[in-house]
Amino acid sequence: MQGFVDQLIQEGYFSGAPRALVYAAAMLAVAFAVLSFFVAPLAGITSWLERRVWARMQSRVGPNRVGPQGILQWLADGIKNLLKEDIIPATADKWLFALAPYVVFVGFFATFVVIPFAGHLIVADLNIGILYLLAVTSLVVVGILMAGWSSNNKWSLLGGMRSAAQIVSYEIPAGLAVLNIVLIAGTLSMQGIIKNQGWAPWDWYLFYNPFTFVAFFLYFTAALAEGNRTPFDIPEAESELVAGYVTEYSGMRFLFFFFAEWGNLYVIGAVATTLFLGGWQIPAIPYVTESVVLTTLLQFIVFFLKAYLWVFVAMWVRATLPRVRVDQLMSLCWKYMVPLSFVCLLGTAVWMLIWPEGNRVVSFGMFLLGLLILALFFMRVNYQIRHARPELYLKPYV
Amino acid sequence: MNETHLDTQDIFRTEDMTISMGPQHPSTHGVLRFIVKTDGEVMREAVPDVGYLHRSIEKIGEKVTWHGFVPYTDRADYLAAMFANQGFCMAAEKLGHVEVTRRGEFCRVIACELNRIASHLISVGTFGQDIGAVTPFLHALRERESINDLMEQICGARLTYNYIRIGGVGYDITRATCDRIAAFLDHFEPIVDEYNRLLSYNKIFIERLAHVAPITLEDALQYNLVGPNLRACGLKWDIRRDIPYSVYPELEFDVPVGLGEKGTLGDCYDRYWVRVREMQESCKILRQCLKMLPDGPAIAKVPRRFKPPAGEVYVRVESARGDMGFYVVSDGSEYPYRVRIRTGSFTAMSIIEKISRGLMVADLIALIASLDVDAPEIDR
Chain A
957 MQGFVDQLIQ EGYFSGAPRA LVYAAAMLAV AFAVLSFFVA PLAGITSWLE
1007 RRVWARMQSR VGPNRVGPQG ILQWLADGIK NLLKEDIIPA TADKWLFALA
1057 PYVVFVGFFA TFVVIPFAGH LIVADLNIGI LYLLAVTSLV VVGILMAGWS
1107 SNNKWSLLGG MRSAAQIVSY EIPAGLAVLN IVLIAGTLSM QGIIKNQGWA
1157 PWDWYLFYNP FTFVAFFLYF TAALAEGNRT PFDIPEAESE LVAGYVTEYS
1207 GMRFLFFFFA EWGNLYVIGA VATTLFLGGW QIPAIPYVTE SVVLTTLLQF
1257 IVFFLKAYLW VFVAMWVRAT LPRVRVDQLM SLCWKYMVPL SFVCLLGTAV
1307 WMLIWPEGNR VVSFGMFLLG LLILALFFMR VNYQIRHARP ELYLKPYV
Chain B
19 MNETHLDTQD IFRTEDMTIS MGPQHPSTHG VLRFIVKTDG EVMREAVPDV
69 GYLHRSIEKI GEKVTWHGFV PYTDRADYLA AMFANQGFCM AAEKLGHVEV
119 TRRGEFCRVI ACELNRIASH LISVGTFGQD IGAVTPFLHA LRERESINDL
169 MEQICGARLT YNYIRIGGVG YDITRATCDR IAAFLDHFEP IVDEYNRLLS
219 YNKIFIERLA HVAPITLEDA LQYNLVGPNL RACGLKWDIR RDIPYSVYPE
269 LEFDVPVGLG EKGTLGDCYD RYWVRVREMQ ESCKILRQCL KMLPDGPAIA
319 KVPRRFKPPA GEVYVRVESA RGDMGFYVVS DGSEYPYRVR IRTGSFTAMS
369 IIEKISRGLM VADLIALIAS LDVDAPEIDR
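Line by line, the protein sequences give chains A and B. Sequence positions in the first sequence follow our numbering and run 957 to 1354. Sequence positions in the second sequence follow our numbering and run 19 to 398.
Mixed in with the good hints, there may be bad ones.
Said to hold, decoys possible - Pairs of lysine to any residue residues, derived as SDA-like cross-links and limited to a Cα-Cα distance of at most 20 Å, are as follows:
#1 1110/A x 42/B
#2 55/B x 1105/A
#3 1291/A x 225/B
#4 372/B x 282/B
#5 1110/A x 57/B
#6 1110/A x 65/B
#7 1291/A x 55/B
#8 221/B x 1185/A
#9 1110/A x 33/B
#10 221/B x 1337/A
#11 221/B x 1332/A
#12 221/B x 1288/A
#13 1110/A x 378/B
#14 1110/A x 62/B
#15 302/B x 198/B
#16 221/B x 1110/A
#17 1110/A x 35/B
#18 221/B x 1292/A
#19 112/B x 349/B
#20 1110/A x 280/B
#21 1110/A x 55/B
#22 280/B x 1284/A
#23 1110/A x 268/B
#24 1110/A x 41/B
#25 1110/A x 36/B
#26 1110/A x 63/B
#27 221/B x 1272/A
#28 1110/A x 31/B
#29 55/B x 65/B
#30 221/B x 1273/A
#31 1291/A x 355/B
#32 302/B x 371/B
FYI, nobody ran anything at the bench for these hints, they're computed from the structure. Bear in mind that the values here come from a model prediction, so they are computed numbers and not experimental data.
The shape of chain A in the complex, shown without the other chains:
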């Protein structure tokens, strides 16, 4: 990004303006563009899609009124929430209460700085990319704690406390799973990690060795827990804590929390794609590689689809699984996931000692194993669908 701005300055644009000001303006412009043209519609459409997918799985219809198939429902919701009265409870700590949604939002939105969209499309390819991502994601917990504390509501407080414990705990397996990849790739940069992988599945780090395969699932599970998603949605467990830390929020402030939650789903998918699934890598197609625009477009689509697949999986999981209890959540993390992630890290390190360049045979074998697991999974899904009973229509007098 900086290179592009430098080039523009050299070509004589913005002459006379201080360089720092140009940088700042460029940063704001990019942030605005990413927010309004990608993140907002993405979070909105994810919210709509989640409700539709959820409804389908629960034999309901879901929102289908605003726009074709209800796809504009998120706009209607947004406008409604904007126009709502901004209620701050009388006993709340007003400053913290007002600030909390933005802290959560910033924690989520700042991750988009390093999330790649395509080979050349990235806001800033920081050399500490993935570390930066893990760091700013931790900001979310501060916001949630602020919300829980400042609401001056006991349910909010419980939710905030649960969330703090949960996110801090699950950072460890997530971070350790990420370290596997950093170890192999030898870089923290998001683009660097992607460039070290190939377009073919057996070149992905997912199938690099058995340990990365496990690390992927560790990362995805831990990320779900960090994003407060079912089956780890205990901070806002609606049947226990009313709505957890968002109990006292309404209107736009409420929306900011959920904006962050739905947007965060994509972040989870994007990070999983970057680290394990080869990112935007596409095979070298003769005609396409000549055109930068076409390549970028194709890369963007590939990356987006891969990332969005995991968003869909998260929705699916949410529609299927019950919620774990708070002590079970902690024991799952500390007793199983943390030791397992250490084993993975150690395994990968040893693997790299033995095969510094990786082992193609094992990679291919892992790929086949992955296919087998996927096939078994789909057989199971197929069985469930075939045995699912449709709705029985017994309307009297019809």
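Based on the hints, put chain B in the right spot on chain A.
Structure of chain B alone, referenced to chain A:
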């Protein structure tokens, strides 16, 4: 400055937090209130506070005629209205020496068992929702919707039926309705398996319920638990089988009891599992009833100004929430002298205070859901 004396007691001074859970809380099934004292996530105690849904149904019973009170009994437990109908009508019939027609009895059993399935579906479904799985809840409600449709066809109402009248039932069950009930049963029996695959055998679900809040049989008897809650503790006690009424002695059905399959005997999972299996037993009963349904009038001739001779009577029916008792006193007039309704949910509420000590907050939700307490039935 005085020498500061550091005592861990002073630094880490902990206080119990008192939370008022309810009357507006998503998982208190109506308007229940619990005064919960917690130490973080662990509960010190949960004291139930009842009375938010009190509608003085018993007092109303003294002010309306015998026939006129039947619709009010619907409201005693709106998830299983048929049983309260039947209980009160049986009491009135016993006082007035009215013989119910045989077809009427079968119609009653059919309606009651359908209602039992509907009520258990709500119980099992909301259980899933309280544990955090929303899909099973909506699938359960979908099936309940079919039952509501059947009920609409049987008696014109979907929730508060006013179907069972003194002397029989209000409307006869037609041949077409029988076919539809059979069609529903064909549809419903595999649904239970689907439901089990989705929820009952789910690892997280079992982990959440097994070993949670077990009630010993001794406690259950002392606190007078009834119905599925009592049977989950291992006692085979069912009013339909042990103090038979209506045509239940002629029907063959099992009484499912808790076996402690996944955890301890009498834990939340047992209470859940007993309800699931009771739905299957109800299906069995329904199939037999449809086969045995005799011809004849559905209701006996009962005078409009029903005046049973003076006396008192206590009858019990096995409601979806267990033993439901009606103590009715007549002074020979057009109005009952006293109506007293004894319900299962009320006693189930009383045991929560004892069992909930030391549970997690999330377990309290599971406990309330597993006891299947129903606010209108507690307060009446």
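Structure-based check of all given hints:
| no. | hint | result |
| --- | --- | --- |
| 1 | 1110/A x 42/B | 14 Å, holds |
| 2 | 55/B x 1105/A | 19 Å, holds |
| 3 | 1291/A x 225/B | 16 Å, holds |
| 4 | 372/B x 282/B | 17 Å, holds |
| 5 | 1110/A x 57/B | 12 Å, holds |
| 6 | 1110/A x 65/B | 17 Å, holds |
| 7 | 1291/A x 55/B | 29 Å, violated |
| 8 | 221/B x 1185/A | 18 Å, holds |
| 9 | 1110/A x 33/B | 13 Å, holds |
| 10 | 221/B x 1337/A | 17 Å, holds |
| 11 | 221/B x 1332/A | 19 Å, holds |
| 12 | 221/B x 1288/A | 13 Å, holds |
| 13 | 1110/A x 378/B | 15 Å, holds |
| 14 | 1110/A x 62/B | 16 Å, holds |
| 15 | 302/B x 198/B | 16 Å, holds |
| 16 | 221/B x 1110/A | 31 Å, violated |
| 17 | 1110/A x 35/B | 8 Å, holds |
| 18 | 221/B x 1292/A | 16 Å, holds |
| 19 | 112/B x 349/B | 14 Å, holds |
| 20 | 1110/A x 280/B | 34 Å, violated |
| 21 | 1110/A x 55/B | 11 Å, holds |
| 22 | 280/B x 1284/A | 17 Å, holds |
| 23 | 1110/A x 268/B | 55 Å, violated |
| 24 | 1110/A x 41/B | 15 Å, holds |
| 25 | 1110/A x 36/B | 9 Å, holds |
| 26 | 1110/A x 63/B | 16 Å, holds |
| 27 | 221/B x 1272/A | 17 Å, holds |
| 28 | 1110/A x 31/B | 18 Å, holds |
| 29 | 55/B x 65/B | 9 Å, holds |
| 30 | 221/B x 1273/A | 14 Å, holds |
| 31 | 1291/A x 355/B | 64 Å, violated |
| 32 | 302/B x 371/B | 36 Å, violated |
Hint violations for this structure: numbers 7, 16, 20, 23, 31, 32, all remaining hints satisfied.
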